[in-house]
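Following the hints, position chain B against chain A.
Each protein sequence line maps, in turn, to chains A and B.
Just so we're aligned: 104 in the UniProt record's numbering is position 104 of the first sequence, and the numbers increase by one with no gaps anywhere.
Just so we're aligned: 113 in the UniProt record's numbering is position 113 of the second sequence, and the numbers increase by one with no gaps anywhere.
Any given hint might turn out to be false.
Claimed, not checked - Across the chosen pairs, the derived CB separations fall in these ranges:
hint, chain 1, residue 1, chain 2, residue 2, range
1, B, Glu47, A, Phe7, 45 to 51 Å
2, A, Asp2, B, Gly88, 54 to 60 Å
3, B, Ile87, A, Glu44, 31 to 37 Å
4, B, Lys48, A, Thr38, 25 to 31 Å
5, B, Lys3, A, Phe19, 34 to 40 Å
6, A, Asp36, B, Glu41, 28 to 34 Å
7, A, Glu44, B, Leu113, 24 to 30 Å
8, B, Asp101, A, Asp37, 27 to 33 Å
For the record, the hints were derived by calculation from the structure and aren't laboratory data.
Predicted model only: the values in this text are computed from it and were never measured.
All C-beta atoms, glycine included, are put in the ideal place defined by N, C-alpha and C.
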Amino acid sequence: MDQRNQFHRQVALMRQSLFDQGYIDEQFVQLEELQDDTNPNFVEEVVTLYYRDSARLIVSIEQALDKSPLDFNKLDSLMHQFKGSSSSIGARKVKAECTQFREYCKAENGEG
Amino acid sequence: MVKPTALVVDDNKLNRMIHGKLLDVLGIKNRAVENGEEAIEVHLSGEKFDLILMDRDMPVMNGIEATKKLRAMGIKCMIAGISSHSIGPEKEEFMEAGLDDYHEKPLTVAKLLSLVSKIKN
Numbered sequence: 001m002d003q004r005n006q007f008h009r010q011v012a013l014m015r016q017s018l019f020d021q022g023y024i025d026e027q028f029v030q031l032e033e034l035q036d037d038t039n040p041n042f043v044e045e046v047v048t049l050y051y052r053d054s055a056r057l058i059v060s061i062e063q064a065l066d067k068s069p070l071d072f073n074k075l076d077s078l079m080h081q082f083k084g085s086s087s088s089i090g091a092r093k094v095k096a097e098c099t100q101f102r103e104y105c106k107a108e109n110g111e112g
Numbered sequence: 001m002v003k004p005t006a007l008v009v010d011d012n013k014l015n016r017m018i019h020g021k022l023l024d025v026l027g028i029k030n031r032a033v034e035n036g037e038e039a040i041e042v043h044l045s046g047e048k049f050d051l052i053l054m055d056r057d058m059p060v061m062n063g064i065e066a067t068k069k070l071r072a073m074g075i076k077c078m079i080a081g082i083s084s085h086s087i088g089p090e091k092e093e094f095m096e097a098g099l100d101d102y103h104e105k106p107l108t109v110a111k112l113l114s115l116v117s118k119i120k121n
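One chain only, chain A, in its complex shape (with noise of 0.2 Å):
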């Protein structure tokens, strides 16, 4: 019972730690609200759809990013999916981040 407490305890600090760093936002909060007896496994199944749906997309910007010269629609379109993604999650640095990317791709700064 003791080892469970504690491990309780580490995943509530990991937790807060997210928080505290802006990794997440309150967003998650809400999908953690969600969370109830008819749907015990919520948030674990809206975060591995996140990841499953972000590996995808990471693939399809890097293969974009690989193409010669750049074409900066598809990437903003993916951007964009990510974008979303992140937002409804509550994923709030990688938000940030696709918001920075696109700005690049607007300004077809292939640099950036």
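Just chain B, lined up with the frame of chain A:
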């Protein structure tokens, strides 16, 4: 009292899942489709909803087109635009297509409650 029903129109699977769950928690029967064209098809097959949550940017047919078409078909229920843009010409264009309300993503319980309270009127 009849429970309201809702249609989620969004190309992003994560959003469909989250918006669906938000509606579930509020006791609103709902279903989801991936783009504007599917939203039209669902209505053509005879289904009716009290609330439509319409994303703006979708492939095949976007939210603006779909809203215009639904209104032209005589669909009078509440259509709420859900988009990543907060103000400006994008919002104007979307509203002019026939929206009753507009919310910036991400959708929250509070925003949804505000929409649901407006349906009753």
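Kindly confirm whether 54 to 60 Å is satisfied by the beta carbon distance between A/Asp2 and B/Gly88. 56 Å Cβ-Cβ, so the 54 to 60 Å window holds.
Range hint compliance [Cβ, B/Asp101 to A/Asp37, 27 to 33 Å]: Hint holds: Cβ distance 32 Å, inside 27 to 33 Å.
Taking 25 to 31 Å as the hint, is the beta-carbon distance of B/Lys48 and A/Thr38 inside that range? holds (26 Å)
Given the range 45 to 51 Å, decide if the beta-carbon distance of B/Glu47 to A/Phe7 lies inside it. holds (47 Å)
Mind checking the hinted window 28 to 34 Å against the Cβ distance between A/Asp36 and B/Glu41? holds (33 Å)
Cβ separation of B/Ile87 and A/Glu44, checked against the hinted range 31 to 37 Å: Hint holds: Cβ distance 35 Å, inside 31 to 37 Å.
Satisfaction of the hinted span 24 to 30 Å by the C-beta atoms belonging to A/Glu44 and B/Leu113: Roughly 26 Å apart at Cβ, these two residues keep to the hinted range, so it holds.
Kindly confirm whether 34 to 40 Å is satisfied by the beta carbon distance between B/Lys3 and A/Phe19. Once the Cβ atoms are compared, 35 Å apart, the range 34 to 40 Å for A/Phe19 and B/Lys3 holds.
This entry satisfies every hint, going by the numbered hints stated previously.
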